[in-house]
Amino acid sequence: MTFPLPSRAPGRREFLAFGVGAFVVASVPLARRRGPGTTRRTLPVMGTLADIAVRHHDVRRAEGAIDSAFAELRRVEATMSRFRLDSEIGMVNRLGALAPVRVGAETAGVVEAALAWAHASDGAFDPAIGRVVELWDVARRHVPPDAAPLARLAGRRLFQHVQVATERGHHAIALGDPDVHLDLGGIAKGYAVDRAVAALRAWGVRDAIVNVGGDLFALGSAPGDAPWRVGVQSPDDPGTIVETLDAVDRAVATSGDYEQCFRCRGVRYHHLMDPATAAPRAASIHSVTIEAASCMQADAAATAVFGMAEGRARALLQGRAPDARVVSWG
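Counted from 1, the sequence shown has number 213 at position 137 by the numbering used here; the numbering is strictly sequential.
In case anyone wonders, no lab produced these hints; they're calculated from the structure.
For each residue, glycine too, the CB sits at the ideal point set by N, CA and C.
Any given hint could be a false lead.
[As the list claims (entries may be wrong)] Estimated spans, in silico, between C-beta atoms of each pair:
{"no.": "1", "residue 1": "278", "residue 2": "254", "range": "19 to 29 Å"}
{"no.": "2", "residue 1": "174", "residue 2": "137", "range": "45 to 55 Å"}
{"no.": "3", "residue 1": "355", "residue 2": "159", "range": "20 to 30 Å"}
The whole structure should be built from the sequences, with the hints applied where relevant.
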């Protein structure tokens with residue numbers, strides 16, 4: 077999360093206000109720096125809280141830029157959410173096994189990027205396990221998922237049944253198996269952050285933070301023209317910072333088994349699904365934080381490497397995203 081903090085150790089409630097992951101650490105809280113140049117807004121979007129802070133001498137321009145950035149977040153959500161039947165992804169999931177579904181270039185590009193991560197990770201990252209996620213959604217209502225369809229889906233390389241086609245400037249997605257549904261939850265939020273940053277830049281903003289539920293981009297410099305100081309919180313103690321980094325025009329994203337937890341009949345589960353087992357991923361770590369050039373890249377990388385052996389994870393990053401690096405692993 078992007079939660080500018082004082083030099084004292086923050087309270088647990090301050091951290092939980094934005095969930096988990098990374099946040100901005102400041103010697104003086106940004107909320108108190110609302111004098112010349114700093115404008116900040118926090119709103120719910122994409123099932124979480126988005127926090128945007130802009131440094132600009134023209135407050136009206138800063139407000140307009142933030143309006144535009146939030147509009148981009150909502151637009152990406154409306155286009156790529158699996159929860160919306162009228163989104164492009166929603167329509168692909170409903171109709172894509174019957175015939176190719178026309179989508180925009182943007183959705184086609186994000187799906188192609190997700191498929192590239194799926195191939196590079198040998199299926200550890202699979203954007204086509206939407207059926208698995210849907211089956212596990214019922215467990216949030218304290219009802220165990222149906223074991224039979226999960227067993228049928230486990231271990232299948234479902235991403236191999238997704239086809240993205242482009243012809244004469246038109247794009248379409250087809251699903252070659254009725255068991256395949258797309259879920260871009262491991263990449264679309266990062267992409268949305270990148271689009272929000274692009275919107276800020278279009279308004280002439282050079283210094284800002286965009287944070288959507290722990291996926292953040294540090295644009296330009298912080299107050300005092302210093303790099304943004306980004307802290308990574310402990311998965312075991314949200315009041316503890318386990319790692320810090322200075323970020324200028326860089327993205328940071330975290331995946332962890334403590335982000336979206338739920339209990340079903342006394343057993344604790346999390347939302348990160350393992351395509352090999354069609355169940356929440358078992359891992360010896362609780363979270364991984366990635367720094368990269370774009371938030372889409374950081375988001376996908378953090379999702380892909382969570383649960384991997386560290387050596388394999390670093391090899392994947394070297395091959396797929398050589399400018400990315402592991403910030404925190406534990």
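Quiz item: Can the suggested window of 45 to 55 Å be confirmed for the beta-carbon pair residue 174 and residue 137?
Solution: For residue 174 and residue 137 the Cβ distance comes to about 48 Å; the hint holds.
Quiz item: That 19 to 29 Å hint for residue 278 and residue 254 (C-beta), does it hold up?
Solution: 41 Å, violated
Quiz item: Are residue 355 and residue 159 spaced within 20 to 30 Å by their CB atoms?
Solution: 21 Å, holds
Hint compliance for this structure: hint 1 is the single one not met.
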